[in-house]
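Given the sequences, and given the hints that come with them, work out the whole structure.
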Amino acid sequence: MAALIGGSLLLVAALYAGVWAWLRAAFKKLQVDAGVGFATHTWAPNPTPGPSPPGEGSHGGAVLNSSGSPLPEGRGRGWGERQGDDAPQAEGNSAGQELLFSVLVAARNEADALPTLLAALGAQSLLPACFEVLVADDHSTDATAAVVAQVARTAPFSLRLVELPPGHAGKKAALTAAEAQARAPWVVCTDADCRPGPGWLAAYATLLQTHSFKHSPIHFISGPVRLTPGGAWFDGLLALEFAGLMGVGAGCIGRGRPTMCNGANLAFRRASFHAVGGYADNARLASGDDEFLLHKLHQRYPGGIRFLADARAVVDTPAPATLGALLRQRVRWASKYPHYRPAAPRQLALLVLGTNVALALGLALGLAWPALRPWVAATWVLKLTADAWLLGPVLGLLRRRRWLAWLLPLQLLYAPYALAVGLAGRGAGGYRWKGRQVQ
Numbered sequence: 001m002a003a004l005i006g007g008s009l010l011l012v013a014a015l016y017a018g019v020w021a022w023l024r025a026a027f028k029k030l031q032v033d034a035g036v037g038f039a040t041h042t043w044a045p046n047p048t049p050g051p052s053p054p055g056e057g058s059h060g061g062a063v064l065n066s067s068g069s070p071l072p073e074g075r076g077r078g079w080g081e082r083q084g085d086d087a088p089q090a091e092g093n094s095a096g097q098e099l100l101f102s103v104l105v106a107a108r109n110e111a112d113a114l115p116t117l118l119a120a121l122g123a124q125s126l127l128p129a130c131f132e133v134l135v136a137d138d139h140s141t142d143a144t145a146a147v148v149a150q151v152a153r154t155a156p157f158s159l160r161l162v163e164l165p166p167g168h169a170g171k172k173a174a175l176t177a178a179e180a181q182a183r184a185p186w187v188v189c190t191d192a193d194c195r196p197g198p199g200w201l202a203a204y205a206t207l208l209q210t211h212s213f214k215h216s217p218i219h220f221i222s223g224p225v226r227l228t229p230g231g232a233w234f235d236g237l238l239a240l241e242f243a244g245l246m247g248v249g250a251g252c253i254g255r256g257r258p259t260m261c262n263g264a265n266l267a268f269r270r271a272s273f274h275a276v277g278g279y280a281d282n283a284r285l286a287s288g289d290d291e292f293l294l295h296k297l298h299q300r301y302p303g304g305i306r307f308l309a310d311a312r313a314v315v316d317t318p319a320p321a322t323l324g325a326l327l328r329q330r331v332r333w334a335s336k337y338p339h340y341r342p343a344a345p346r347q348l349a350l351l352v353l354g355t356n357v358a359l360a361l362g363l364a365l366g367l368a369w370p371a372l373r374p375w376v377a378a379t380w381v382l383k384l385t386a387d388a389w390l391l392g393p394v395l396g397l398l399r400r401r402r403w404l405a406w407l408l409p410l411q412l413l414y415a416p417y418a419l420a421v422g423l424a425g426r427g428a429g430g431y432r433w434k435g436r437q438v439q
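Going by the UniProt record's numbering, the letters in the sequence shown line up with residues 1 to 439, in that order.
The set of hints was computed from the structure by calculation and includes no laboratory data.
Please note that the accuracy of each hint is not assured.
Said to hold, decoys possible - Distance ranges between label pairs, derived from CB positions: (1) Ala143 to Gly122: 12 to 22 Å; (2) Gln181 to Gly122: 19 to 29 Å; (3) Trp22 to Arg399: 19 to 29 Å; (4) Ser8 to Gly35: 34 to 44 Å; (5) Val381 to Arg183: 53 to 63 Å.
Glycine included, each C-beta is placed from N, C-alpha and C at the ideal position.
Following this line, the structure appears as structure tokens:
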């Protein structure tokens, strides 16, 4: 009997390890492709329309200006010229550069956080004339609007405030309102409390300029997000879990089976957004502005989803300050799972939950049944090895390899945590967020 139970536990762990190795290989390929895009790619002269060669010392497809900042080329070739029917079409501006990106930020009571984000956007290596920023104010009761107005007076980029009309509320409504006023062909989204690095937008520009639109147009790009510890005792555990979620989501995209992404760092073609109806069919759900759109675009354009495995594209987001805030965030995330249509996210969730429950159950049985202990030990070793194997390149991209030290403590706590959050998310009738009751 011990061999039967132990063999079953080991089989579950082996299945988990096999999937994780499959996803790790996809993540490594994404890193290699990103490295080719901005470090080792060489361009041959090409008289036909397409990306033109980057200048010497450039970051891949992004040409450097006189001060060393990368920017896409002018209207002669590259961004300003069609590379097939699905190439993004840039709009000109008063500075003579093409407007490539509209950065959308949904904000509710973010007066304290916005100055940091707007300063980070002002420090972008992409020329300010190549992007605009739209902050959608979701009926804030603080000085959010005043902060945007003040920064707009001196910002090196175009900064506009979009105020939601009465009767419209929530992040999806805010993003929809901002997108309606955007002028660039591509939208890049982040959150008001995030901090992108100086090469954030340049990394997106590089990917789009070096990509061949004729063969496989890009419609959606998921970017890397790194959790910034806030001083809570669980920060290390949470940061490692967050990195694992990002790595699994990236690997799934690399395998052509997208499951998850993060609204703190993503981009999409506006034409594609409209083609799938935006957020219309899930507007009543407070969460899921990121993943529902990912799934819809993948269904419409199966080969058009990418993950940007470029260290310049990492966006920092703050960790929940308290355990209560953490649980509310996770319940909010879990509340959207029952509404997923694709099978891949549900299959992945079942695999992760089943494996972690099996490990916890095996540990409990092993304490009372000595004959089972070798099987339990082998199961744990296989599971932890698979996690470490996947997390290695992910933490390398995030420049946080030291977080791997939290792997064993996280495993000990994960099964009850995942079960509790999952059940709470399915049974949640609503929760409070930003001073508002959300269903």
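Review point. Taking each numbered hint in turn, which are not upheld by the structure, reported in ascending numerical order?
Key: none
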